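Trainee: All chains should be built: construct the whole structure from the sequences, respecting the hints.
Line by line, the protein sequences are chains A and B.
Going by numbering that gives the first Met the number 0, the first residue of the first sequence is number 0, and it counts up by one from there.
Going by numbering that gives the first Met the number 0, the first residue of the second sequence is number 0, and it counts up by one from there.
These are computed hints drawn from the structure, not numbers from a lab.
Small disclaimer: the values here were computed from a predicted structure and weren't measured.
Quick reminder that beta carbons are idealized off the backbone N, C-alpha and C, glycines included.
Please note that a few of the clues may not be correct.
[Unchecked claim] On the chain B side, residues computed to face chain A include the following (Cβ under 8 Å):
1. Phe128
2. Ile138
3. Pro164
4. Pro296
5. Phe298
6. Gly299
7. Leu357
8. Gly450
9. Asn452
10. Phe456
11. Gly465
12. Arg469
13. Thr542
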Amino acid sequence: MSGFLPFWPEQASAYAASVDRLVLAFSALIIVLSAPVFLLIIAFAIKYRRGKPADRSHPMNRNVWVETSWAVIPFLLILIFYVWSTQLYFGLHRPPADALEIEVVAKQWMWKFQHAGGQGEINELHVPTGTNIKLNMISQDVIHSLYLPVLRIKQDVLPGRYTTLWFNADKPGTYRMTCAEFCGTDHSVMGGSIVVQEPDGFSLWLETSATDSTLAAQGAALFRRFGCSGCHEPHSSVRAPSLAGIYGQPVALNNGTAVIADAQYIRDSILLPNAQVAAGYAPIMPTFANVATESDLIALTAYIQSLATDNSRSAPIPTNIAPEGTAP
Amino acid sequence: MSALSKTSEDGSIIGLEHEPAGETRHERESYLRAGHTLRSWLLTTDHKRIALLYLVSVTFFFFIGGLAAAIMRVDLLTPEADLLTNEGYNRAFTLHGVIMVWFFLIPSIPNVFGNFLIPLMIGARDLAFPRLNLLSWYIYWLGGLFTLWVLVSGGVDTGWTFYTPLSSMFAQGNVVMAATAVFIVGFSSILTGLNFIVTIHTMRAPGMHWGRLPLFVWSHYATSVILVLATPVLTVTLALIAAERLFGLGIFDPALGGDPLLYQHLFWFYSHPAVYIMVLPGLAVVSELVAAAARKPVFGYWFVAYSSIAIAAIGFLVWAHHMFVSGMSMYAGAVFSFLSLVVAVPSGIKVYNWTATLWKGHISLDPPFLFAMGFIGLFVVGGLTGLILAMLAVDVHVHDTYFVVAHFHYIMVGGTVSAYFGALHFWWPKMTGRLYPVFWGRVTAVMIFVGFNLTFFPQFILGFLGMPRRYHVYDQQFQVLHVLSSTGATILGFAYLFPLIYLLYALRHGTPASANPWDVTGLEWTVPSPPPKHNFERIPLVTRKPYDYEVEKEEQS
Chain A
0 MSGFLPFWPE QASAYAASVD RLVLAFSALI IVLSAPVFLL IIAFAIKYRR GKPADRSHPM
60 NRNVWVETSW AVIPFLLILI FYVWSTQLYF GLHRPPADAL EIEVVAKQWM WKFQHAGGQG
120 EINELHVPTG TNIKLNMISQ DVIHSLYLPV LRIKQDVLPG RYTTLWFNAD KPGTYRMTCA
180 EFCGTDHSVM GGSIVVQEPD GFSLWLETSA TDSTLAAQGA ALFRRFGCSG CHEPHSSVRA
240 PSLAGIYGQP VALNNGTAVI ADAQYIRDSI LLPNAQVAAG YAPIMPTFAN VATESDLIAL
300 TAYIQSLATD NSRSAPIPTN IAPEGTAP
Chain B
0 MSALSKTSED GSIIGLEHEP AGETRHERES YLRAGHTLRS WLLTTDHKRI ALLYLVSVTF
60 FFFIGGLAAA IMRVDLLTPE ADLLTNEGYN RAFTLHGVIM VWFFLIPSIP NVFGNFLIPL
120 MIGARDLAFP RLNLLSWYIY WLGGLFTLWV LVSGGVDTGW TFYTPLSSMF AQGNVVMAAT
180 AVFIVGFSSI LTGLNFIVTI HTMRAPGMHW GRLPLFVWSH YATSVILVLA TPVLTVTLAL
240 IAAERLFGLG IFDPALGGDP LLYQHLFWFY SHPAVYIMVL PGLAVVSELV AAAARKPVFG
300 YWFVAYSSIA IAAIGFLVWA HHMFVSGMSM YAGAVFSFLS LVVAVPSGIK VYNWTATLWK
360 GHISLDPPFL FAMGFIGLFV VGGLTGLILA MLAVDVHVHD TYFVVAHFHY IMVGGTVSAY
420 FGALHFWWPK MTGRLYPVFW GRVTAVMIFV GFNLTFFPQF ILGFLGMPRR YHVYDQQFQV
480 LHVLSSTGAT ILGFAYLFPL IYLLYALRHG TPASANPWDV TGLEWTVPSP PPKHNFERIP
540 LVTRKPYDYE VEKEEQS
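Mentor: This is the structure:
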């Protein structure tokens, strides 16, 4: 489409193409609905100009049926498009389970991307074509919004809460990435690019950008440095729940309810440990709110996620995990 | 003949008279000459004088807000940050938004024309609470002075939306002062809304039952209901921001245990209805102008009257369509998308009914009617692009881009400002007693239409191409469209200055206006131009419907 229509933005995913089809079809409808207004106003202004003779007999001043029809018929036509667009939107909010996950931290005024293999990027995001990618995003300060125009998607990035965005890019290239939510002084330069590569090229990039340790391994180091291991590992003097195998599982709470131990719960439990205390434990954990950055919290979560289901009570420090194997 | 269809003594049409412009008898006896001292103006309780005080005040703020826009458009000529710094640009668009929304668009038509015309249209001698009316103007200026203080003390950089936690914890500028200004001016809105509601309920002339009210009054009634119900929510929300910023009370900042989306819900619960506060008075004006232009009753009076009420009611249920990418539940998104499509129905009814009103009319192309037709065209584009934005999947792409900027400027500037100028050109002879040069009025109407489209149509394309709003450093590919937009803004700027010249010229040198220079219906045209201090010598008895034109007489001519 971008080839033969001037002023049409590039598309780099099947989803982008389907949004564009919706835009074109809906634009056609609204032109049909509005053309009579434009044409008739001009035609009437000419034909019935004051002082000009014209057939003005039997003017109508009301007609309930005519009025009802021009209220209802356009609305029903628009509802067809409502269903179409809402389905696309729902699809955008249901990321596939096999997606390759990339962690995103936004802060004034930069984007930080963290791959599971430990590769980190600033203001640049490498992704392979033909792969479902899911971004888990959080902000360290104000609200930002990750906007990828070629994919026709954006999602606000909130402080204190993970939001997600998923896509499947199919056209290699380097495209614009911007912040869409006003975030302060350097908002208009808080951008960068998304680099979409063929899977081979992406693997090569992963290898050349590899660091000493995976994200989970970085988390394990933090787990020791912050002293988490002192309480959460077996045989410690303080009684704290074991974290092995809890990720994604329900956790019974002191107040009788239960939550799923997802990234949000783990993050909140590190920052506000006494808000949702596991059943049978005393609320004695201190907060790490002034110690751990959002990037630290992501690494710690990745580490806890990596702890295998209960086969090793002593938390192992994992070695390099191949990025392909990290999707849950 | 009823009071409604009585015409002036000489029945002259605007621009055809060429008598010397001395002071007429009506002028000597008018509200304008009832006291010459400054005190007689600043302590007046006459709704007509207060309307003129507002006219001067909102014009002042319109040009301050316009100046900020002009600086931005010059800055946007190039993709680099050359005229303004990043911080300077942020402060410019914040002031532009704050001033234009709260100090021009919201008070403009209601406080100038609503104030002047509602008592005249319903056959009353003043509003129900004349002193409250004056107080509302003083409160407006108190808020205005705070805003000017913010302006000279370095400005504020949050955007007019004051999104948290940026505004409450991170922004550098004078946020508390700006929030205070908006907090104060809100009370002015509430008082005006209350005054209109009570006046319309209790002070209609004998025989002026609800089915005989001009549509102008219906729309102002709907506007007033929103002013009274929505503004307090904004007041509370701004107070909460100040509390979080000053005392660290955790309401919106998650670092303090708050929720930033709570702020957005509260803010848009006011600010989406506020959009209807801004546009319903425009719809009010255009209903009057279309009937006057066609010399016909408005097609489907009751549909148009109730559509205003429907817009006001449904307008309260669509706020979260500003939050489709905010992280809100997708099911909430689906509900608010649907309701946003529903609110378009009554707007559609108005547009189709106006078009039908022109059918078989006697259409005049005098300046006010050109403004009205320009309004319809721009309002249709603004409204339909609003439907595009209500579509969830499309909104995800164009949300917070120039597409949104273009959309709401088509409604607010193309719509409301065109209606404001239409009203100014229609009722100016009534307000001042003087006719203005029709030729320059037509030139201005056409220039505003052309300049507006050149300014804002390219912004739809910019937004769809992915240019975010509130960016002054931008990608090279967008420059052509930005230059087009700035060119249009130059035309628009001159077009806005013209009326200032010829209307003020007409004040002194214009031909005196008859009571009914446009030869139209409506009680306000039965009193002399300008009206006497107490409007009506005898309270009129209304026996006919509004827009009761004599079709037969016209057809024979």
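Trainee: Now tell me if each hint is right for this structure.
Mentor: Hints versus structure:
1. Hint on Phe128 of chain B is violated. Least Cβ distance to chain A is approximately 36 Å, over the 8 Å limit.
2. The criterion of a C-beta within 8 Å of any C-beta in chain A is not met by Ile138 of chain B, whose closest approach is roughly 29 Å, and the hint is violated.
3. Residue-level restraint check for Pro164 of chain B holds (minimum Cβ-Cβ distance to chain A is 6 Å; threshold 8 Å).
4. At about 5 Å, the closest approach between the beta carbon of Pro296 of chain B and any beta carbon in chain A falls short of 8 Å, and the interface hint on this residue holds.
5. Of the supplied interface hints, the one on Phe298 of chain B holds, with its beta-carbon coming within about 6 Å of a beta-carbon of chain A, less than 8 Å.
6. The restraint placing Gly299 of chain B at the interface with chain A holds, with a minimum CB-CB distance near 5 Å, inside the 8 Å limit.
7. Hint status for Leu357 of chain B: holds, given a least beta-carbon distance of 4 Å to chain A, under 8 Å.
8. At a threshold of 8 Å, the smallest CB-CB gap from Gly450 of chain B to chain A is about 19 Å, leaving the interface hint violated.
9. Checking Asn452 of chain B against chain A by beta carbon gives a least distance of about 13 Å; that is not within 8 Å, so the hint is violated.
10. Annotation: interface hint on Phe456 of chain B violated; nearest CB of chain A at approximately 11 Å, more than 8 Å.
11. Annotation: interface hint on Gly465 of chain B holds; nearest CB of chain A at approximately 3 Å, less than 8 Å.
12. The restraint placing Arg469 of chain B at the interface with chain A holds, with a minimum CB-CB distance near 5 Å, inside the 8 Å limit.
13. Violation of the interface hint for Thr542 of chain B is found here, the shortest Cβ-Cβ separation to chain A being roughly 18 Å, above the 8 Å cut-off.
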